[in-house]
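Engineer: Each chain, letter by letter, is given below.
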Amino acid sequence: MAEFIHITIDGDEVKAQAGQTILQAAEAAGIKIPKICHIKGEEDSSNPCLLCMVEIEGKGRVRACSTPAEDGQVIEVHNRELDAFRKERLETLAESHYGDCRAPCNLTCPGGINVQGYVNLIAKGEYLAALMLIKEKNPLPIAVGRVCPRFCETRCRRILLDEPIAINHLKRFVADYARDSHFRDTEVGRPTGRKVAIIGGGPAGLSCAYFLRKQGHQVTIFEAEEKLGGLMRYGIPGYKLPNREVDREVQGILNLGVHARLGKRWGTDFTLQDLKDQGFDAVFIATGLSRQKQLEIEGASHAICGLGFLKRINLGDRPAIGEQVLIVGGGDIAVDSARSARRLGAKNVTVIYPRSRVELPAHQREIEEAEKEGVQFFLMATPLRIIKEDGQIKVEMARTILDEPDERGIRHPIPMPGSRLTWTGDTVISALGQEGDPTFQSYGELEASIVLTPRKTIKAHPSTMKTSVEGIYAGGDAATGSRTVIQAVAGGRRAAESIHEYLTKEKPGVLEPRFNFTKGKRFEDVDMHNFEGYDLQLNEVMPARPPERRTGDFGEVQLGFSEEMAVREANRCLQCGCLGLSKCTYREYCVDYRVKANKARTRLKYPLDRSHPFIVVDANKCIGCTRCIRSCKYDAFELDFTLDPKTRLLTDVSIKIKDNCVSCGACVDACPTGTLSKQDSVVPLLPAQLSTVKTVCTYCGTGCSLDVVSMYGAILEVKADMDSPPNYGQLCVKGRFGYTFYRHPERLYLPLVRDSLDEPFREVGWNDALRVTAERFTRIKEKYGPDSMGVLSSARCTNEENYLLQKLARAAWGTNNVDNCARV
Amino acid sequence: MRRGARLVVIDPRRTDLAAIAEEQDGGIWLRIRPGSNIPLLNAMLHTIIEEGLTDEKFIQERTENFDELKEQCADYSPERMAQLTDVPPELIREAARLYASSENSLVLYGLGVTEHKGGTSGVIALANLVLATGHVGRPHNGINPLRGQNNVQGACDMGTLPYILPGYQSTDDPEALERFARAWGVSNLPGGRGLMEPQMYDAALKGDFKALYCVGYDPAHTQSDIGRIRDAYRAMDFVVVQDMFLTETAKLAHVVLPSTCFYEKEGTFTSGERRVRKVNKVINPKRRLKADWEIICLISQAMGYPMIYTSPEQVMTEIQKMTPSYGGISYGGIGDTGQVWPCPSKGHPGTPLLHTEKFPRGKASFVPVSYIVPEEEADKDYPLVLVTGRRLEHYNNGSMTRRCQGFELIAPHELLEINPEDAAALGIKDGQKVKVKSRRGSIRAVARVTQRSKPGTVFMTFHFQKDLTNLLTSPGMDNKTLTPEYKVCAVRIVT
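Chains as they are written, first to last, in our numbering: chain A, -11 to 812; chain B, 4 to 498.
Think of the hints as simulated: they come from the structure by calculation, not from any bench.
Be a bit skeptical, because a hint or two may be false.
[Claimed, not checked] Some chain B residues judged to face chain A by a derived CB distance under 7 Å, without partners named: (1) L10; (2) D240; (3) L301.
[To be verified] Partial selection, computed: residues in chain B whose CB lies under 8 Å from chain A: (4) K73; (5) P222; (6) L249; (7) I286; (8) N287; (9) I322.
Keep in mind that this is a model prediction, so the values were computed, not measured.
Heads up, the beta-carbon is just placed ideally off N, CA and C, and yes, glycines get one too.
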C-alpha cells in the first residue's frame, strides 16, 4: 500500500504518494508546473530548463521534477519572483533561438489565412484539404483567387532568392479544382435558434453569412439588387471575374442554408427597427459604397460615371462609347473602365491622372495589363473643363505640378500655370474613387444613432466590427472605405465571430497569439545565408489569352494553372513558418510569460540540415533541453553545445543524427521546438488546432497505438502517445513515417474490368464492376460447383472484414475454400 | 535488457538483435546453419535433460509422454549436432542452461522457425523446450509467435481458414455448422475441409479450381516460387482482386476493385497477444472509395445473398454472438487499450495469460520431432543458400511503404547481402550489380557485402516489385501448413 503524505501547493492542500516528486504530485492533482526538459521516466537533463523551479517554505527554490514531495511541504509555484525568474530564463533561451514562428505570408494576409499550410498541401496533392484550410478564413476563394492584390506575395521571402510564390494563382487553382470535382462544403453547426440579418450581399455580407451559418445560426441576407455578389458581380469586370464564377461562389454560400431576400433595399423596403421587430437578434451592415466621388469641374455632367458604366456592362449592356475615350482617375475603377472601353471597341483609350506613374492607386499589375491591351496613360495632367460640341466632346486640360505641402504635409497636384491643351473625342468617363453615403441615417431612429467616421463611413471597431448601437455590426467598404475583396471577407468573418460571441457568449475557434519570433520583419533584416543551397526556380507563368484576342470580348483573361503547374509552383515554397509549431512548448511559455520576441537572435548561425530522409535539423532553434538525445533508444543522436557559465547562453550547437539511426522519429516528437521537424510536415498549426484520432498501426502484429493527426482528409503526421500500450510512445519508421502512400498518385480509385488477361483493363463504375463480378462468379458456381471457387483474405483487413469474407464463402457461395495470408 | 534480461538469439544472420545478443555480457548468439532449427533445439533439450535442468514437477503434473521425448533426444547431443548446425557444442549447452535455469524465460519466435519444410516440427521442438523447463503459464514466460503481418491473428480468429469457423470452431462439428447455418439464414453450410491456398493453386493447374476473390493480399508477389503461382492464376477463369494499388496479383485479375486503407476505415485488429484493438477512421476516403467490408457486402448482395450491415460495429455484434472467445468483446468495451480474448462474456476482464492451470487438452503431450531436411541444399551448381525475409523499412510486398515519402532514400531497391568471404571468392564488390539465379528463375540485385550474412548464405527481401525475389524461392513447403520454405533455397551469383 502506498503511503500518503500531504503537501500544500499555491495554497491548495494536495494528497500525494510518498516517493513522488513535487512535479508528479502536482500533476496527479491537476496542477500545472511549467517544464520543458523533463521527460517522464527518463534521466535528468544535463542542462536543466529550470522552469519547474518552485519555492518550498523555509527551504528556498528547488526543481520540482527532481525534488521528492515530503509531508508538510508548503510550496509556491507562482509568485512574482518565480515568474520573473522564469521569464528571464525564457528570454535567455530566446537569445539563442532563431526562426520564424509564422511565415511572413501568413502574417501579412489581411484574411489571416494559413498560406504556408495550403501552399504545401497543394504540393502534396491534397487540393481539397488546401481549399478547406483557405475556407477557414476565406469562404470566397473562387473570387479572391482571381482578384486579390496579393499582400502575401509582397512579403514572400522567396523574393530574396528569385521570385515570390504565385500564391494567389494557387488559391485559384484549388478553388477551381474543387468546382470541377463537384466538391460540396455543406456541413453546418447545430441550430442555435438565433437569427441574424445581413444587409448587403457583397463579399463582406457573404463571408459573414458563411461563418455564422457554420456556427449554426439562421442567416438572412437583404440585397437591394436582383442578385447577390455586390461589387464582385456589378463592379469587377467579367474578364477578371466572370459572373458565372460569382454565381458559383454565391451558390456555395446559399447551399449552406443561408436565406436571401433579393431586391430589398434598406430604407425603402425595411429599416433596422423592422429587422428587430422581425426577430433578428443581430444585424450586420455590409452595404459597400455605392456612391462615386463627383468630378468637380465645369461640364462634369457630360462625363459618364465609371461605376455605373461597369455595372451596365456587367448586366449585359454594351453601351456605344465611340472610338476616342478619356478616363479621368487612376484607381481600380479607372483602369477597369479603360480596359472595358477597349473591349467595347474604343480604339484610343487614355487615362488621365494628375500624379506620376508610381502614385497611380491601381495595382501596377493591372496597369501593365491595361497597357498590353493598348490603354494609354497621360500622367501629370488634369481636366479643367468638358464641352459638348457637334456631338463631339472636348476636354480642356492642363499639365500639373505639385503644390506646397498642406498642413498634413501632403503635396496636392495643381494645374501648371499657363498650361492648356485639348482632347477631342467621343466619351469621357469619370472614374474617381468611391465615398461614404450618410443618407441611411434618415431611414429611422436606430439608423440615426449610428455614429459615422469623418469620411462618412460607418464607425465600427476594427476587430469586433461593433457599431455604436448594440447588436448592430458593420464591415466591408461601408465601414472601412474602399478596400479589397479579401479585406471585406476578413471584416465579414470578424463580424461573424463577434456576433457569435454576442449571441452565445462563447468564443469561436482558436485564439492565435500574436507572439512571433521572426527572421526579419523587413527584407533588409533577413540574413541572406538562409537561402544558401537553393537553386534558381522562377515562378510558373499564369497562362493568359493574348491581348489582341482578349480585347475582342469580356471573356476571362487568365486561364488558371494546370495541376502540374500548381504542384511545381507550390513546391517552390521555402516553408518559412516553423513546422514544429504544434509541439513548441517553448513558444507557449514565451506567450504565457510575455517574453519579448525581439530578444531572439537575428542572424543565422547554423545551416539547415536536410540530409536525413525524414528529419530536418535546424540547430538555430535549439534551446539545449537535451530531450532529443534522451529520447533516442538507439544511441544514434549526437548533441553538443557550450554553455557560457556566466550568461548561460548556448553556443556552438552541433546536432548530428548518426548512421545507425533507425528513423523511429522519437527525437522529433520529443523536441519542444522546431529544431527537429519532419520532412513531410506541411501545415504549421498551433497545438490547439491539431485534430488527432487514436488508432492501431497496420504494419505488424505488435499492434502499436497511433495518434494520427489529420486535417480535412489529409494526414499531417503520425505520433504515439507516451501512455498507451503496447508501445508507450515508441514507433518504428513505418509506423511514424510510412503513411503517405494513401495519397500516392498510383492509388486506384475506379474499378478495373477486362474479359481476359490478354486485354487491357477498362475503368468502370461500381455498378458495372459489381454486376460483372456477381455474374461471372455465379456462372462458375452454377457450372462447376461452389468448390471450384475460393476466397483469400488478408491481415490488412479488419476482423469484421475477415468475418464477412468467410461468411461470403460459406453462406453465400457454399464452400470452405477460404484462406488467408498467414504463410508469409 | 537494460535491467539485466539476457538475450539468446538463434539466427544465421547477424541481425541487429543478434548483434545485441553477441555484444551483451552474458548474451548468446547461435549462428545456425539455415534449416537446422530442429537439431539445434533438440540438442538444447538434450543438454537440459542430461544436465538435470528440467522442471520435474511441471513435467509430472502438467505433461505426458516425456519418456518418449527423452529417448528421442538422446541421439541429439550438442557435440553430434555441431556439424549439422554449425554451432559449437559449448555454445548450445550454454544457451540451454541459460534458458532452463533462469526463473523466467520467454520464447519469441518468428518466421525463421515456421518458413521451413520442417516448420511445424520446429515449433513443436520449441514447445517441447518450453514444457520440459516449465516456462509457461506464468507471467514473463511462455512462447509467442511474432506475426509477420498485423492482423494475421484476427484473420485466423475470424475463421478465414478452410477448416474452421469463427473462434476456431471446427467445420467438422455438425452442431457448430448447424448453429451458423441458422444464424446466417441458410439451410446448410459445407462441412469438412476446404482447400488451403497452395491447394487452390494445385487444383487450378489441374483445371479444377476456376475462380478466386483475393482481398488485400498479393500472393503473385509474396508466395514462394511465384512462376508456378502465376501459371495457376492464368489457369483460372475469373479472378477478382481488391487492393489499393495495381499489385502483381491485380495484374493477373479480371476485375480489380479499389479499396481503402486502415486510415480510412473503422473496425478492429487483433494483435499477436490476442488483444483486440479498435481501428478508427482518421480521414474520409477520397473519390467515393469504399471500405472492404462494404464491397464484400455489395458482392454478396449482387449474388443474391443479402449481407446488410450499416457499420462494422454491427458486424462485431454478430461476431460476439457467434464466437465464444469474443463473447465479451464490443466497441464499447475495447476502449483505448483493447480487450484480450478469451473474453467470453460482457464485463469479463479478458485473458492475457493462457495455460495457467491446464492446457486446452488437459495435459500437454510431448511430441518428439526429428530433423527434416530442406527441399534444397547448396550444391556444386547452386553453391549458396538464399535466406529471404524482411527489412525494417518495408512491409511485405512493399506496395504501401515503397509509396511513402523518404522510403525511396532509405531502402530504394533489393539488396543481396553477402559475406565478405563469399564476395571475395566471387570477385564481388559492395554496390555491384549482380544476377541471382536459382533452379526456377533469375533476378537482378545490388550486392551488399556485409558480415550480417553467414558465409555460404546470402539474404534478400521480397519488398520490391521490380525484382521479384520469389521467382527464385523454393517449392518446398511444410507438409502440414503448406507454408513455403522461404528460408532455404540454393542459388548462384552471376556477375
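Engineer: Each of the hints needs a verdict: does it hold here or not?
Structural biologist: Right, here's what the structure says about each hint:
Taken as an interface hint, L10 (chain B) does not check out: its beta carbon lies about 15 Å from the nearest beta carbon of chain A, beyond 7 Å. With a least beta-carbon distance of about 6 Å to chain A, the hint placing D240 (chain B) at the interface is held under the 7 Å criterion. Taking 7 Å as the C-beta contact cut-off toward chain A, the hint placing L301 (chain B) at the interface holds, the least distance being around 5 Å. Because the smallest distance between the Cβ of K73 (chain B) and any Cβ of chain A comes to about 33 Å, over 8 Å, the interface hint for this residue is violated.
The interface hint given for P222 (chain B) holds, since its Cβ lies 7 Å from the closest Cβ of chain A, which is under the 8 Å cut-off. Against a cut-off of 8 Å between C-beta atoms, the interface hint on L249 (chain B) holds, since the closest Cβ of chain A lies about 6 Å away. Here the hint on I286 (chain B) is kept, as its CB sits about 5 Å from the closest CB of chain A, short of 8 Å. Using the Cβ-Cβ criterion of 8 Å, the hint placing N287 (chain B) at the interface with chain A is satisfied: the shortest such distance is roughly 6 Å.
Evaluation of the I322 (chain B) hint against chain A yields a held restraint, the C-beta minimum of about 5 Å falling below 8 Å.
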